[in-house]
Amino acid sequence: MSKNKLPQRHHKLACAILLLVIGLVSDPIKVQANPVQSFRNRVTHTSNLLAQKFPDNGDPKGRRRGGTSRRDGCPDLKTPITALVPGEESNNKSFFASTVAEYPTFWVYVPELPTNSRFGEFVLQDEQGNDLYRNSLTLPGKAGIIGISLPSSSQYALKQNLKYHWFFRVYCGNPQNKPDYFFVDAWLQRVALTPQLEQQLKTAKSEEYKVYAANNLWYDAVTNLANLRSSNPNERVLAEDWTNLFKAVGLEELAEAPIVQRYNPQK
Numbered sequence: 451m452s453k454n455k456l457p458q459r460h461h462k463l464a465c466a467i468l469l470l471v472i473g474l475v476s477d478p479i480k481v482q483a484n485p486v487q488s489f490r491n492r493v494t495h496t497s498n499l500l501a502q503k504f505p506d507n508g509d510p511k512g513r514r515r516g517g518t519s520r521r522d523g524c525p526d527l528k529t530p531i532t533a534l535v536p537g538e539e540s541n542n543k544s545f546f547a548s549t550v551a552e553y554p555t556f557w558v559y560v561p562e563l564p565t566n567s568r569f570g571e572f573v574l575q576d577e578q579g580n581d582l583y584r585n586s587l588t589l590p591g592k593a594g595i596i597g598i599s600l601p602s603s604s605q606y607a608l609k610q611n612l613k614y615h616w617f618f619r620v621y622c623g624n625p626q627n628k629p630d631y632f633f634v635d636a637w638l639q640r641v642a643l644t645p646q647l648e649q650q651l652k653t654a655k656s657e658e659y660k661v662y663a664a665n666n667l668w669y670d671a672v673t674n675l676a677n678l679r680s681s682n683p684n685e686r687v688l689a690e691d692w693t694n695l696f697k698a699v700g701l702e703e704l705a706e707a708p709i710v711q712r713y714n715p716q717k
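So the number in our numbering is just where the residue sits in the sequence shown, counting from 1, plus 450.
Check the hints yourself; a few may be wrong.
Stated by the list, open to error - Below 20 Å or equal to it, Euclidean Cα-Cα: the simulated SDA-like pairs (lysine to any residue) are:
(1) Lys592 to Thr565
(2) Lys613 to Ala642
(3) Lys511 to Pro530
(4) Lys613 to Pro601
(5) Lys592 to Lys613
Said to hold, decoys possible - Label pairs and their calculated CB-CB ranges:
(6) Asn677 to Asn585: 29 to 37 Å
(7) Val687 to Gly591: 29 to 37 Å
(8) Ser656 to Gly579: 16 to 24 Å
(9) Lys511 to Glu571: 32 to 40 Å
(10) Val710 to Pro645: 34 to 42 Å
(11) Glu552 to Asn580: 16 to 24 Å
(12) Gln646 to Gly591: 42 to 50 Å
(13) Ala689 to Thr644: 26 to 34 Å
Worth flagging that the hints you see were computed from the coordinates, not collected in a lab. Idealized CB from N, CA, C, for every residue including glycine.
Please construct the entire structure, taking both the sequences and the accompanying hints into account.
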């Protein structure tokens with residue numbers, strides 16, 4: 451190799467490096483910031499973040515649209531009682547989602563009910579079918595969404611990495627007479643709040659629900675957004691995000707329903 455070709459190659463290499471540096475400076479998207487900054491940019495600028503499809507987590511199974519204990523004991527409802535959970539009704543009927551909350555809130559759509567069918571019950575069980583919490587509820591006469599929270603007591607705190615089964619029932623008559631009932635049921639699992647997720651939540655400030663949705667934490671996303679909407683009922687962006695969140699799980703027809711009752715039992 452001749453000596454006069456070496457400077458030429460060095461010159462070409464220097465030019466290539468210079469062009470690469472210029473490209474990175476002019477296109478900052480290619481420059482990866484720290485994970486928190488990168489996530490903040492995604493939350494701020496991705497308008498369809500809430501329209502993502504929550505993953506199908508497989509078993510165990512549940513029932514999102516209300517069924518009945520028997521065929522002939524309950525009245526016909528125009529819209530079924532519906533558990534507000536992600537899942538595929540036409541696939542394998544898996545309604546299993548995650549939370550980081552020790553005491554999550556469970557959300558159900560309840561249509562307008564006859565006066566003799568306003569007795570409800572919420573039940574939380576462990577994976578083996580043992581009752582952990584049971585609460586009788588007097589339901590509102592108006593159609594809408596209700597939220598049911600666990601009492602903030604250590605005996606009801608969800609443990610990490612365990613699966614829990616919850617039921618919501620509406621009795622068609624006096625519950626003491628053991629009448630027929632409508633019911634829905636779903637599953638959830640509490641997962642760890644990692645340092646990275648905790649930092650993302652701090653960065654998101656008043657938009658925590660977007661962080662929860664991006665991390666497939668359904669129960670936390672819908673509860674946080676419901677709380678924000680209650681405090682800011684005329685905020686258009688929150689209303690749009692609420693609709694997008696419902697679309698993400700195939701329940702967009704219920705997005706306009708009002709939140710009519712919150713059940714926050716004492717310890």
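Among all the numbered hints in the text so far, which are the ones the structure does not match?
Going through the list in order, the structure violates hints 5, 6, 8, 9 and respects the others.
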